[in-house]
Amino acid sequence: MKGLLIASESAEVLFHWTDPEFQQNIQDKYGAAQEEGQGPPAFEDSISTLFAPIIISCSTMIDRMGESYTCFTTENNHIYVLHQFDECLYIAVNGDGEEGEDDLKRKIYVMKKIIEVMFGMVTLSGNLLRKELRPQDTEHRARLWKHLQSLLETYSHLRESDQSFLVEAVERLIHPTLCEQCIEFLERRLVQQLNSSVERAGEEVLHAFILVHTKLLAFYSSRNASSLATSDLLTLIIMAQNMYPSNIDVDDPGPEDVESTSGSGPESFYTPEPSPTDRDSSSSEKPVRGSTPVFEFVDPDIQMAEDSLQTLEVPPPDPSTPRRVFLEVSQKEGLYPMMPHSMYCLPLWPGITLVLLTKIPTSAVAISVYTYLEAFAKLEKRLSEGQEGSSATRGQPTIHEIRSKLDKFIKALGPSEIQSAQLQNVWTEFKNRAFARGGPGFNKDLIPWCKNMKSQLCGVYRQCFFIDSGSADIPRRLSPSLQERAQSMVQEKLMDWKDFLLVKSKRNITMVGSKKYSAYVGKILQNIAHFYPPCIGLDPVILTYLEEFPGLIHFICVDRSTGQMIAPSLNITERTTSELGKGPVAQFIKSKVWSLVGTTRRYLQKGYSTVTLRDGDFYFCYFLWFENETGFKLEAGEMPILPDDSAPIGMLAWDYYRKLLRYYSKNHQGEVVKCYELLTVHLGVIPTEIILQHCRQLASKLWEPSRNPLL
Amino acid sequence: MAEIMPPESARCTFFFLYDGSKVKGEGDPTREGICYFYPEETPIDLQELLCGQLAGVGRCVSELSSSPVRILRMRRSKYAIRMKDDFFWALGCSEEVPTVSVCELLDQLINLFCFYNGPIRQSYQLNSQVVLAARWALYLSHLLAGTSELHHIFSCLRTIDSTNVDPLLLLKAALILQACQRCPLVLAGCILFRGRVVSTQMTPDLTMKVMVHESETHHKALKPNGPSTSSSFGGAVSSTTVFLTMSELQYLQSAPVDRELKFYSTPNKDALPKKTRLSRTLSDTPSSESEPSDPSASQSPLKVSSFSPRLSSSDNSDSVFSPAPSQSTANPLHPASPSLEPPLSNGKKTSHEAEEALDESYYHSFHSNGDGGSRIHDEGDVSALEENSSHLNGADGDAACGTVFDLRGTECGNEESYGDKASRRGNGSAEGYQAETGDLPPLSGVSDNADEAPLVPMTLYLHRVKGLVLALLVEPLFLSDTASMEEVYHSCLASLNGLEAHLRTISPGAPAAPGLSIFAHFDCIQSTLTSNLSGRPGGAPEHPFVRAISLLHSHFCNTETLQEAIIRSAGVAIYGTRSVAQETYFLQHGGSLRNSGIPNHQDSAFSLPRKARDKLLKHGVNLR
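Same order as they appear, the protein sequences are chains A and B.
Mapped onto full-length UniProt numbering, the consecutive letters of the first sequence carry residue numbers 1 to 711.
Mapped onto full-length UniProt numbering, the consecutive letters of the second sequence carry residue numbers 1 to 624.
Since the hints were derived computationally from the structure, they do not count as laboratory data.
One thing to keep in mind: the hints can contain errors.
Said to hold, decoys possible - Listed below are the simulated DSBU-like cross-link pairs for lysine-lysine, each with C-alpha atoms no more than 35 Å apart in a straight line:
1) Lys615(B) to Lys606(A)
2) Lys618(B) to Lys606(A)
3) Lys22(B) to Lys592(A)
4) Lys611(B) to Lys606(A)
5) Lys451(A) to Lys498(A)
6) Lys22(B) to Lys29(A)
7) Lys332(A) to Lys378(A)
8) Lys24(B) to Lys592(A)
9) Lys29(A) to Lys615(B)
10) Lys701(A) to Lys611(B)
11) Lys633(A) to Lys618(B)
12) Lys611(B) to Lys633(A)
13) Lys674(A) to Lys611(B)
14) Lys84(B) to Lys29(A)
Let's have the full structure, built from the sequences with the hints guiding it.
Set out below in structure tokens:
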């Protein structure tokens with residue numbers, strides 16, 4: 001029984017996802033509360049009615065106590081996790097024991113991340129986001145929610161089955177020569193050719209990568225591109241997986257499987273659409289320029305000049321239409337979150353996908369909008385803290401710089417097709433209040449105007465980046481033929497490798513010699529036979545390591561500075577019928593590994609960077625440490641101790657490790673600091689000294705290609 | 001915007017009981033439903049806000065999940081919740097307190113209330129809210145009273161520091177309790193010294209409850225209202241009605257030899273306890289009728305096999321105090337317990353036999369309750385017993401030595417009728433209980449509510465000698481049974497005096513300087529804590545230790561298979577290990593903790609298990 005709900009402060013449902021069980025539960029409960037003789041109510045109404053008291057109580061607590069609920073647990077172990085992001089309340093529910101509180105919190109944060117990647121800075125305006133998430137048009141709403149639901153399901157599936165989504169780091173396919181060749185191919189052939197084509201319509205390919213299932217075969221970034229954050233890359237992998245589900249559960253697909261998976265084609269396309277005007281009155285409310293500001297207390301979004309957008313047609317779902325994604329860009333001047341990109345996801349074969357990320361011609365606007373948004377947000381913050389006059393306006397850039405830049409910015413928008421009249425009006429009014437001699441100046445009364453400015457800027461941003469492909473006269477995207485060419489170029493390049501890659505992605509680090517392997521596993525089974533009957537299979541162990549690491553069952557090693565991980569594959573599907581049969585033991589070990597990751601995160605959150613556990617017949621180790629670029633081990637620093645309600649530790653939704661590295665680097669100025677993690681699972685009978693020796697060897701070997709036996 | 005001002009203790013920022021049945025209508029003000037709110041000085045609008053919102057949201061969630069809410073967490077605090085019928089309890093604390101510990105604290109609090117006041121709904125019908133509010137406050141302050149943070153984490157009993165006490169004194173205390181149990185009306189007892197447990201025969205839960213009454217404040221608070229009593233023993237003796245759950249009662253009524261739950265039982269070398277009867281002087285008759293203790297034993301959830309009877313034959317050093325067990329039955333002419341003081345006067349021999357008979361029939365009839373077949377046996381027993389007990393009374397009459405019990409006013413009407421019903425038939429509680437269910441006197445404690453576990457009224461008898469208190473759980477009949485009461489009183493008076501004198505002279509003992517290592521050893525079964533922590537709150541070197549323990553304890557509680565753990569931050573490494581019977585935590589200061597955090601088998605953190613084993617052996621804790 002699982003569910004996730006996003007609600008506005010007024011208890012309006014902005015999004016919901018439920019599994020069938022939870023849906024049934026809601027319907028039963030609601031049906032019981034309803035009177036006889038009425039037809040079954042719309043599901044959305046039921047869920048909204050049942051959750052309304054919780055949502056309202058939440059906002060009451062925030063208003064009156066400055067506190068908010070984070071979690072409820074019932075005696076039958078149903079868990080409700082709540083989190084408020086600005087004006088949206090997220091509630092995640094689990095009633096089947098498959099997810100813990102941390103998992104639910106993570107799910108909420110991931111959902112928020114997905115929404116940010118899809119809607120960019122519009123998420124910064126509660127009103128606009130509410131409209132985006134809950135379009136008036138029910139058909140449009142159903143399509144959007146279906147899309148979000150399927151992204152959420154894809155994520156949940158990956159988190160439960162894929163180690164790279166468990167630890168939230170990208171897994172590379174380990175085949176150095178092929179990887180190198182592919183990177184070279186992407187650089188010299190593909191990207192160069194695309195970026196020099198006239199058919200690219202002003203777009204520029206910044207990043208290109210090839211995914212085999214969820215694993216990265218090759219990744220190339222053009223020279224003038226900023227690096228792609230791990231958080232964004234993981235989200236893009238979720239999106240790609242959602243578009244072309246790789247059906248990883250089906251092992252070694254036979255010909256019939258290939259057919260069926262290829263049939264799963266691109267999912268129904270979703271592109272954000274303009275929210276239709278809900279109030280015809282908005283035009284009449286449009287203030288006449290220069291009139292006294294009568295709209296001071298009017299909801300700012302009413303004044304959005306969006307009615308004019310109504311004329312734009314919803315783009316037809318065309319497979320060659322790119323996704324608009326909003327990703328972080330780091331430039332010399334700083335970090336710009338949620339900058340618009342186009343994402344082209346080109347299926348090569350089932351399970352193998354080429355992804356292109358392009359910069360769109362108007363992306364400079366986004367940087368400006370973000371700069372202004374940030375300036376107004378800072379100003380608002382200072383004003384609400386009670387600062388006034390010059391103390392409120394200090395900071396970089398100064399308000400006067402902002403003023404002249406914004407004047408120019410609005411002027412530049414003027415002739416374009418972007419509706420900026422409203423922005424112009426609000427800005428004029430803002431200036432009158434803030435800068436006019438004898439005017440009110442910078443004080444608390446300016447706060448609503450800061451908010452209004454932010455809304456207007458978000459509105460402009462929304463116009464710029466949500467609907468561009470709609471202006472059908474000049475399609476702003478790589479032309480379909482160019483896309484096709486890219487696709488076939490890479491297909492041609494990888495034709496001979498494709499089957500190998502598909503297998504390799506499932507056995508990235510694999511056993512060598514299965515006889516030796518089965519003998520080894522037999523020994524393991526003898527040791528843990530009282531857990532499970534014998535004659536069951538265990539797939540995860542790397543044979544290469546057998547002689548060197550007797551007793552080692554599994555490990556995961558993560559380089560947190562690059563966001564990459566290495567681990568033996570854990571194949572536990574029904575069809576993995578190796579010489580050992582199917583694998584409840586592997587399933588058992590898998591569940592242990594999954595819970596171990598959760599456990600170590602809890603300790604890490606409280607400042608413990610080394611954890612060893614003797615649990616049942618297993619011995620688990622976890623280590624986190626820092627090195628400098630040359631591999632010199634740096635002294636363990638004091639780790640930050642985070643409160644219980646802090647964001648989940650990981651790299652997907654919120655990059656804990658980036659913050660950790662920044663925190664740690666304070667004492668290591670001028671040095672490149674790298675952060676590593678190692679998790680191991682050993683048999684409990686192995687002496688601790690030997691286990692620790694193994695850990696040390698693994699830690700020092702895995703990331704050094706010259707000594708890594710895997711490479 | 002109201003700010004939350006966390007009152008003194010982070011362990012309990014808020015506690016309230018809210019009665020939803022009083023706020024049903026639209027117009028009913030929330031305050032009507034607030035039965036008790038801690039801290040009492042909280043502004044009423046904040047009280048209303050918390051009660052109204054938490055109870056409301058709790059009900060909504062429990063309806064969605066068809067199950068009551070247990071834990072409610074906020075950003076900066078967490079609440080243990082109990083929902084029963086229309087009652088809603090919430091106990092809030094800061095987020096550092098382990099969730100298991102808050103839930104335990106709330107349960108303890110509610111159980112404590114029910115122990116002294118009976119079922120919740122009923123006590124609110126019988127008593128004014130003000131009176132009961134004072135009791136909640138009392139129980140809460142008792143539970144929060146100044147012990148260390150570690151005590152709070154484990155919710156353990158406060159015990160005397162056994163390292164400074166001569167083990168013989170502990171044995172003596174145990175023997176006093178055993179001596180009291182010769183009176184069949186006495187179920188079990190414990191001896192407390194200055195608010196700390198010296199010896200107990202009861203489960204930790206029950207001991208904890210009994211300890212509240214011992215505190216002087218409670219004594220005063222209850223006097224005007226509670227059915228407490230004092231006799232002419234110069235105010236040294238008092239009693240009050242208490243309510244036991246069925247499982248507690250069953251445990252107490254199971255064979256005494258199986259529940260010999262001694263506080264400082266030295267760990268026995270042979271782990272499997274023999275079912276020895278040596279510790280019990282009086283019930284050693286090898287008769288088939290003593291067997292019914294077995295089925296009862298299986299009913300008792302608290303019977304744990306690792307309870308080794310203290311007085312097993314291997315403890316030969318104790319022979320001075322130990323009543324020679326087999327003698328009493330083998331040769332009734334040579335009464336046992338030579339060293340027990342004061343020696344009973346002339347009635348001794350016969351009373352022995354009488355009690356024996358009482359014992360047996362008592363258990364038998366309880367466990368064959370409702371079983372027609374064994375009825376005949378019962379009759380026979382009872383008749384024999386009546387004969388004997390009259391004999392006993394006669395004997396005791398002689399032994400009274402002029403002490404006059406002033407029993408007038410000691411029996412409230414309820415107990416009278418209860419006594420009448422059960423008359424002088426020795427098989428008290430089972431029969432008495434049946435009688436009660438029959439005609440439901442208002443205080444019977446047999447719940448009128450179907451899903452509320454029935455509570456059985458019993459009496460808590462307290463005998464105080466300065467700082468020392470003997471607390472006995474007795475059948476309500478006991479108070480009206482002058483002879484038994486007198487006998488119990490006199491049989492232990494001298495011993496108690498002696499024990500008190502000894503305990504008083506023991507200096508608290510300068511807490512040994514913690515040195516380089518700190519440990520905490522929690523005995524899950526006896527719910528006791530041994531530690532070399534100084535106990536000062538907020539000690540600098542201890543804080544990381546306590547913080548780690550609270551994390552590890554939660555982890556141990558949530559993961560059954562977890563046996564040991566080492567966790568390390570940059571500054572400290574802590575080792576924790578547990579078995580079904582204990583949890584032990586160990587921290588070593590000094591040494592070269594400066595390291596890179598990379599796996600290293602020479603790392604001092606990984607030698608902690610070995611060091612812990614060595615160090616703790618010196619403190620009598622064997623981790624092997």
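Consistency of the hints with the structure:
1. The straight-line distance between the Cα atoms of Lys615(B) and Lys606(A) is roughly 27 Å, inside the 35 Å bound, and the hint therefore holds.
2. With a C-alpha separation of about 32 Å, the suggested pair Lys618(B) and Lys606(A) falls inside the 35 Å cut-off, and the hint holds.
3. For the proposed pair Lys22(B) and Lys592(A), the alpha carbon gap of about 49 Å is over 35 Å, so the pair is violated.
4. The hinted pair formed by Lys611(B) and Lys606(A) meets the criterion: a straight-line CA distance of about 25 Å does not exceed 35 Å.
5. This hinted pair does not check out: Lys451(A) and Lys498(A) have alpha carbons roughly 53 Å apart, beyond 35 Å.
6. Straight-line distance between C-alpha atoms of Lys22(B) and Lys29(A) comes to about 25 Å, which keeps the hinted pair within the 35 Å bound.
7. Of the supplied pair hints, the one linking Lys332(A) and Lys378(A) holds, its CA atoms being roughly 21 Å apart against a limit of 35 Å.
8. For a cut-off of 35 Å, the pair hint linking Lys24(B) to Lys592(A) is broken: about 48 Å separates their Cα positions.
9. Between Lys29(A) and Lys615(B) the alpha-carbon distance is near 58 Å, which puts this suggested pair outside the 35 Å criterion.
10. The suggested pairing of Lys701(A) with Lys611(B) holds, with an alpha-carbon distance near 31 Å, which does not exceed 35 Å.
11. At most 35 Å may separate the alpha-carbon atoms for a hinted pair to count; Lys633(A) and Lys618(B) exceed this at roughly 38 Å.
12. For the hint pairing Lys611(B) with Lys633(A), the CA-to-CA distance comes to about 27 Å; that is within 35 Å, so the pair holds.
13. Among the hinted pairs, Lys674(A) with Lys611(B) is consistent with the structure: their alpha-carbon atoms are about 33 Å apart, no more than 35 Å.
14. A threshold of 35 Å between alpha carbons decides the hint, and for Lys84(B) with Lys29(A) the separation of about 21 Å falls inside it, so the pair holds.
Consistency note: the structure conflicts with the earlier hints numbered 3, 5, 8, 9 and 11.
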